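Q: Chain residues, written in single-letter form:
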Amino acid sequence: MQLAVNITVLASIYALICCGYVLIYRVSRVLSLAHGELMMLGAYGLYATASLFSGHPLLAVAAAAGLALAVGAAVYAALMWRMTGESVLAAVLATIALGILLRGLMVLFFGTQTQYPLRDLGWTNASFDVGGGARISAVGAALVLGTALVYGSLFAFLRGTRWGLRMRAAGQNPLLAAQRGVRLHGIYALAWALATFTGGMAGMLLASDAGLEGTLVTIGLKAFPAALVGGLDSLLGALVGSLIVAGAEVLLIYYVDPLLSDVVPFVVLLAMLVLRPWGLFGSREELDRV
Amino acid sequence: MTLLKLENVEVAYHRVITAVQGVSLQVAQGAIVALLGTNGAGKTTTLRAISGFIGLDDARVTHGAIHYDGARIENQPPHRVTERGIALVPERSKVFENLSVRENLEAVVPRPGSDRRQRIATVYEMFPTLAALRRREAGYLSGGERQMLAIGSALACDPRLLLVDELSQGLAPLVVQQLAARLQAIRRELGTTILLVEQNAQVALDIADHGYVMESGRIVLDGSPERLRAHQDVREFYLGGGEERRSYREVKQYRRSRRWYG
Amino acid sequence: MSLPRASGYFRTRYAQDTALLETRTQKAAALAFAAALAAYPFVAGPLALDLANQVLLGSIGAVALMLLTGYAGQISLGHAGLLAAGAFTGGILFKELGAPFWVTLPAAALVGAGLGIAFGLPSLRLRGLYLAVSTLALHFIVIHAGAEYETRRGFSTGIVIDPPRIGDWVLRDARAWYFVLLAFAVANLLFSLNLLRARTGRAWRAVHGREAVAEALGISVRRAKLAAFVVSSAITAVAGCLFAYYRGFVSVEAFSLYLTIQYVAMIIIGGMGSLLGAVLGTVFVTVFPYAIEAAMRLLGLADRLASVVFAVNYAAFGLVMILFLVLEPQGLVGIWRRVQDWFLLWPFKQRPLSK
Chain A
6 MQLAVNITVL ASIYALICCG YVLIYRVSRV LSLAHGELMM LGAYGLYATA
56 SLFSGHPLLA VAAAAGLALA VGAAVYAALM WRMTGESVLA AVLATIALGI
106 LLRGLMVLFF GTQTQYPLRD LGWTNASFDV GGGARISAVG AALVLGTALV
156 YGSLFAFLRG TRWGLRMRAA GQNPLLAAQR GVRLHGIYAL AWALATFTGG
206 MAGMLLASDA GLEGTLVTIG LKAFPAALVG GLDSLLGALV GSLIVAGAEV
256 LLIYYVDPLL SDVVPFVVLL AMLVLRPWGL FGSREELDRV
Chain B
2 MTLLKLENVE VAYHRVITAV QGVSLQVAQG AIVALLGTNG AGKTTTLRAI
52 SGFIGLDDAR VTHGAIHYDG ARIENQPPHR VTERGIALVP ERSKVFENLS
102 VRENLEAVVP RPGSDRRQRI ATVYEMFPTL AALRRREAGY LSGGERQMLA
152 IGSALACDPR LLLVDELSQG LAPLVVQQLA ARLQAIRREL GTTILLVEQN
202 AQVALDIADH GYVMESGRIV LDGSPERLRA HQDVREFYLG GGEERRSYRE
252 VKQYRRSRRW YG
Chain C
-3 MSLPRASGYF RTRYAQDTAL LETRTQKAAA LAFAAALAAY PFVAGPLALD
47 LANQVLLGSI GAVALMLLTG YAGQISLGHA GLLAAGAFTG GILFKELGAP
97 FWVTLPAAAL VGAGLGIAFG LPSLRLRGLY LAVSTLALHF IVIHAGAEYE
147 TRRGFSTGIV IDPPRIGDWV LRDARAWYFV LLAFAVANLL FSLNLLRART
197 GRAWRAVHGR EAVAEALGIS VRRAKLAAFV VSSAITAVAG CLFAYYRGFV
247 SVEAFSLYLT IQYVAMIIIG GMGSLLGAVL GTVFVTVFPY AIEAAMRLLG
297 LADRLASVVF AVNYAAFGLV MILFLVLEPQ GLVGIWRRVQ DWFLLWPFKQ
347 RPLSK
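Protein chains in written order, with our numbering: chain A, 6 to 295; chain B, 2 to 263; chain C, -3 to 351.
Worth flagging that the hints you see were computed from the coordinates, not collected in a lab. Worth double-checking, as some hints may not be accurate.
Unchecked claim - Covered stretches of chain A, going by a simulated chain B footprint (3 or more residues, C-beta under 8 Å):
1. 164 to 171
2. 174 to 180
3. 183 to 197
Remember, predicted model here, so these are calculated numbers, not experimental data. Backbone N, C-alpha and C fix where the C-beta goes; we use that ideal spot for every residue, glycine too.
Chain A extracted, bound-state conformation (with noise of 0.2 Å):
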């Protein structure tokens, strides 16, 4: 029972990480690898604004979680949209670019010190009972319900509404929707907002966990082998991919070896790509796309 409940804490970790790659990559085709980066970020701006709010943490996280809007939105017009005309290998690396410019900044500002948002916030992370000998930390809770409230709106939002509609359209044929009026800017800008929103919820609720510390660009590049694994263009396939991926690895930890733990999840991405590269719910077409 315990196996389960961690399967479904670290499957909410990756999905959370997930629906950013997915969302840069269903509007631009660009597979952003400086998410993990990005995750982290936030997770810094968590830890700035504990410091700057003290005593009103409520305050402090609101204030973070806008931050991230708008670090991706700034991501977007600073960089990205000089690149939408270039091959997928330089946008690609433009990404790991910057990644990495803002992990040497990270350190620069931040130092190498781990730290503890959660304890800045006033914060414990309780555990507590799940029933069948299980139990869940205060955090872990706090991810699945945020993986399921994110997932949750962005179904909503792209099914039911006219933006995410549009942005849906924009992911398919951006000529097309700029010709029908659509800002294709804005789409993108929203799409790399939303990324790195999320990213930073999980890097914020992964730093409560576990504290604040280089290893959490490492999951983020973890999470990104789930994506692919339910197809780059589909949230439904990133929650499905981050359920195979985080299952595979805790059954594999708990059974066989626990230092897999970082290599399953890319031994699961080279079968996937083996047998089925565009994912199980991936459109066929991206294949070739490229």
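Assemble the complex: chain A is given as a structure, and chains B and C must be docked to it using the hints.
A: What follows is chains B and C alone, placed relative to chain A:
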């Protein structure tokens, strides 16, 4: 009243390849104007220059002016041009494949000041087939239905000028005739001005008020449909009325250039 | 009858056609350059010598990556994994069997070739982004295997390797290393140049341009792609093994994703599709951290930021990469060509046909 006027427009790709040279044409408000020519004549480039989407192919209007409704619109960003009420029905990739017909129409951003619901209702009125296929995914539509949707989604923008690129491409003659009739209905009932680029001169001249013939980036002939139909060269090369066989080379380069400019 | 030869491009024999250096000016320039290279270790200080060694070593891997990505068009993000494989082969053979360098280097090449097949198999089905991702996954798996070996055999801090020796003479001196590495780098460059001019190279360029057309022309796309991966990986593994000998030390931490990015940066900043670009890029990326340090010292920030100098390097590197990607996609070679054009055409000006 002239709605659109091109004055000596020159369009160059990558700064060196001139695709359109010294093209001047006029489109009166409420008229249907046909732009004829073979492949590579520069028709699509001209349309793209008007709609503002040539920047993507590293092309620019390097000379001349495009006047629309009193303003100059050459080399403007695309959304500016769309806001003014110019909608383009492209040659290829004209619908959102994975969205339903209804979603295709709703994704459109209408011109500022237009009522979206009203426009979509108008589109359904104009194309009853689309109304019946509301929920069908666009990728599963037949060629004719797809073209209808393409025109419909352009109409949903509430344009004053509709640019149609290759109406008849890949469609059966009967379907093309129906679509041409729809274009006339659009002009009649909505007052939309239409600039139609076509290789099928017959269909185009049937519905147009005025026609231009383009060749190698230049306008070589213009006039009313009757005059164009009567012209020997148009009959020979576009309407299939020629008597002798000629080699393509002779036709394209030598004889034609003497004729057009003579 | 003596035929006019003033242009130097008039060829009468096949040997002239296949020669790498044609005109007298080219030969003279090459000779002067070779003399400068030979004299360098005797005039350069220890830091400059170490830098040169690093550049020579890096150029081997960069040229290999350029062959794969710049010419054959197969995007690979697994470069560090291949370097690690070569280094670990050397380390493992040395530690377990006490093998000498003339066994470990060929063994590294073989291991590289074998891994090249593994890295290359996905390329038969995938392209672009998906291929890059598959190589990334393989990189992590290789690194994990290396880490596993380290922990299981108790070398958690890394494997120490003795420098290569022939009889009594041990390769330890930096100057000696310079000539050894120069030999390897030049051999690699000549090999690559000739490979590119031969059928294999042409097949790669065809596959890079249009796969369907290449197939239609009778080129076995499958074989070309796998050949690209195998050749590139073998060379890279040898570079990794040399790297292990040069440092005297093998540890999995040195082969991170950042190393792959540095190599990719070398070919991007250098200029894709050009061996000169690979070399220029290597020089740039290798010298860059030292230049940053010198700049910091100049600006007086050296003390304040001493503890985080790696972070400054990181940030500056990321920034420079972004600048090159946005402003000069053709890289240093593009700049070099434009300078050349300017001198050649002066006083005329020429605008390039396309960006």
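Q: With a cut-off of 8 Å between beta carbons, are at least three residues of the region 183 to 197 of chain A near chain B?
A: As far as the region 183 to 197 of chain A goes, the hint holds, because 6 residues have Cβ atoms under 8 Å from chain B.
Q: Check, residue by residue, whether the region 174 to 180 of chain A contains three or more positions whose beta-carbon lies closer than 8 Å to a beta-carbon of chain B, and give the verdict.
A: Held - the region 174 to 180 of chain A has 4 residues with a Cβ nearer than 8 Å to chain B, which meets the minimum of three.
Q: Three or more residues of the region 164 to 171 of chain A near chain B by CB distance under 8 Å?
A: Since 3 is at least three, the answer is holds.
Against the hints set out earlier in the document, no violation occurs for any number.
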